[in-house]
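Quick note on numbering: the working numbering labels position 242 of the sequence shown as 242, and the sequence is numbered without any gaps.
Keep in mind that the hints are not guaranteed to be accurate.
[Stated by the list, open to error] Quick list of simulated restraints, FRET-style, between CB atoms:
hint : residue 1 : residue 2 : range
1    : 162       : 207       : 41 to 51 angstroms
2    : 356       : 319       : 26 to 36 angstroms
3    : 197       : 262       : 14 to 24 angstroms
4    : 354       : 286       : 37 to 47 angstroms
5    : 261       : 211       : 40 to 50 angstroms
6    : 381       : 163       : 19 to 29 angstroms
7    : 189       : 159       : 33 to 43 angstroms
8    : 356       : 264       : 37 to 47 angstroms
[Said to hold, decoys possible] Straight-line distance between alpha carbons at most 35 angstroms, and here's what the computed DSBU-like set of lysine-lysine pairs gives:
hint : residue 1 : residue 2
9    : 374       : 204
10   : 374       : 247
11   : 247       : 356
12   : 184       : 221
13   : 356       : 204
14   : 356       : 221
15   : 255       : 374
16   : 221       : 374
17   : 184       : 204
18   : 159       : 247
19   : 374       : 189
20   : 356       : 184
21   : 189       : 221
22   : 255       : 204
23   : 204       : 189
24   : 374       : 356
25   : 255       : 221
26   : 184       : 374
27   : 247       : 189
28   : 356       : 159
29   : 184       : 398
30   : 247       : 398
31   : 159       : 221
FYI, nobody ran anything at the bench for these hints, they're computed from the structure.
Even glycine gets a Cβ: it sits at the ideal position worked out from N, Cα and C.
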Amino acid sequence: MCEIARLPSLANPANLGMILARDWRRHSLRVPDDNRLIEIHCAAPFAKLHQFTILLAIHQHRLINVKFDGGQAVLRSTYSGRINAGYRLFGSIRLEITMHLQRSSCPIGRIAQNKIRPKKIPCTRARHLFLQGLLVALLGVASAAPAVASSLQLPALLKLASSEHHAGKVIFVELVTPDLVVAKQFYGKLFGWTFRDIENGGTKYAEVSLNGRPVAGLIYKELPAGDRRRPAWLSFISVRDVDAAMKTALQHGAKVLSEPHNIPDRGREAVLADPQGAIFAILDSSSGDPPDVLATPGEWIWSSLITSDPDTDAAFYQSLFGYEVFDLTNEDRAQHLILGSENIARASANALPANKPNMHPHWLNYVRVEDAVKTAARVVALGGRMLVEPRLDRQGGKVAVVADPLGAPFGLLEWPDTERKEVSK
């Protein structure tokens, strides 16, 4: 059964309510075989509802718009495309609802046990932690962020230029590492990546491709013996105006690690540390942003911000990228914030483990794999380390957290092939 929650007042059509569909895999939610309907079984009466629109949060994918006509418990898709039969959703699903009512009184028969907050920040405070036992070795000193010289010429993100720009999307990642040879051997054997070396102005760089498509970059940075810094993957988040974004970030407590600069063919970028210390980059890509499609195995599929204060950090990134923030706290009460833009879930924000007081806030990026258990074992066989054993994720996939032989952490996400690669606009 699912429960219906309401806000104190629904007089304003802009108010938000929420349906909490519990344990859909057993009885709350199913996707019928005709690929067109999502069905929810609820005990609460819907008959007096005039109309509402539901935004269904799908892991990394478009928040599917569906309509409900009062008196029926079937939600018909209103977006151009199809919902795949057997679509794997969150193990515990919350559906954001925009109410359009003709009356000020609430027509819903009962109130859920858990009060629902609007989807805009501020969100509820974190009560329990996500990724317990995470042992990530990360870039702990701000100065470890790469100060890429503007004289360095890097390839465009897209071979065929596009007019697409998706603010808030992680559009590229770069590994800061003290040994390009070891990194290339490890990732090449693990994911089948290929590399093209670039050296310009003393900067050593390797372009990473999969099946002829750029997927990442490797940049050399010396780490002397005894240095506490660690290699790390740097996330590049899309913006249209790097300078304006940097100004906004500074106003909200960020620090600049690399001033805005142009890189021929690549675009304009800057490197920042958010108010909690997590390092990230912003990029206005000269060739446009990669399209919103489901990653294939060997490509990056998800990004997670692990932070000491998810609510505060989510508010910071919302001010910077215009994110909508969804609180998808699971039944175990572990807080899980989704950062979305353009009706697409872009990343998540989760709390640092309480038993790791010396761990710094950081971004953790996940590569899609066909088998998380086998790939994690392969990481160890190639000289890497297991940080978090493979386990079932709340989104229905299987995840693991590992580190390469030089200590850079990254995630593995096994995601079923039932989803469509193309995501309709």
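query = Straight-line Cα separation of residue 247 and residue 356 no greater than 35 angstroms?
reply = holds, 32 angstroms
key: Pair hint outcome, residue 184 versus residue 398 [Cα-Cα no greater than 35 angstroms]   = With Cα atoms ~26 angstroms apart, residue 184 and residue 398 stay inside 35 angstroms; holds.
message = Would the hint linking residue 247 and residue 398 be met if the CA-CA limit is 35 angstroms?
response = violated, 39 angstroms
ask   = Should the hint that residue 189 and residue 159 are 33 to 43 angstroms apart at their CB atoms be regarded as holding?
value = Because 25 angstroms falls outside the window, the suggested range is violated.
query = Given the hinted pair residue 374 and residue 356, is their alpha-carbon gap at most 35 angstroms?
reply = Measuring from Cα to Cα gives roughly 28 angstroms; hence the hint holds.
request  = Mind checking the alpha carbons of residue 184 and residue 204 for me, to see if they're no more than 35 angstroms apart?
outcome  = Given that 35 angstroms is the threshold and the Cα spacing comes to 13 angstroms, the pair holds.
inquiry  = Please verify whether residue 255 and residue 221 have alpha carbons no more than 35 angstroms apart.
reply    = Holds. Residue 255 to residue 221 sits at ~21 angstroms (cutoff 35 angstroms).
ask   = Is the Cα-Cα distance between residue 159 and residue 221 35 angstroms or less?
value = With a Cα-Cα distance of about 27 angstroms, the restraint between residue 159 and residue 221 holds, given a limit of 35 angstroms.
inquiry  = With the threshold set at 35 angstroms, check whether the alpha-carbon distance from residue 184 to residue 374 stays at or below it.
reply    = Distance of about 20 angstroms is within 35 angstroms: holds.
query = Are residue 162 and residue 207 spaced within 41 to 51 angstroms by their CB atoms?
reply = violated, 19 angstroms
query = For the pair supplied as a hint, residue 356 and residue 204, is the alpha-carbon distance within the 35 angstroms limit?
reply = Cα-Cα ~34 angstroms, so holds.
ask   = When you take the CB atoms of residue 197 and residue 262, is the distance between them in 14 to 24 angstroms?
value = holds, 22 angstroms
Consistency note: the structure conflicts with the earlier hints numbered 1, 5, 6, 7, 10, 15, 27, 28 and 30.
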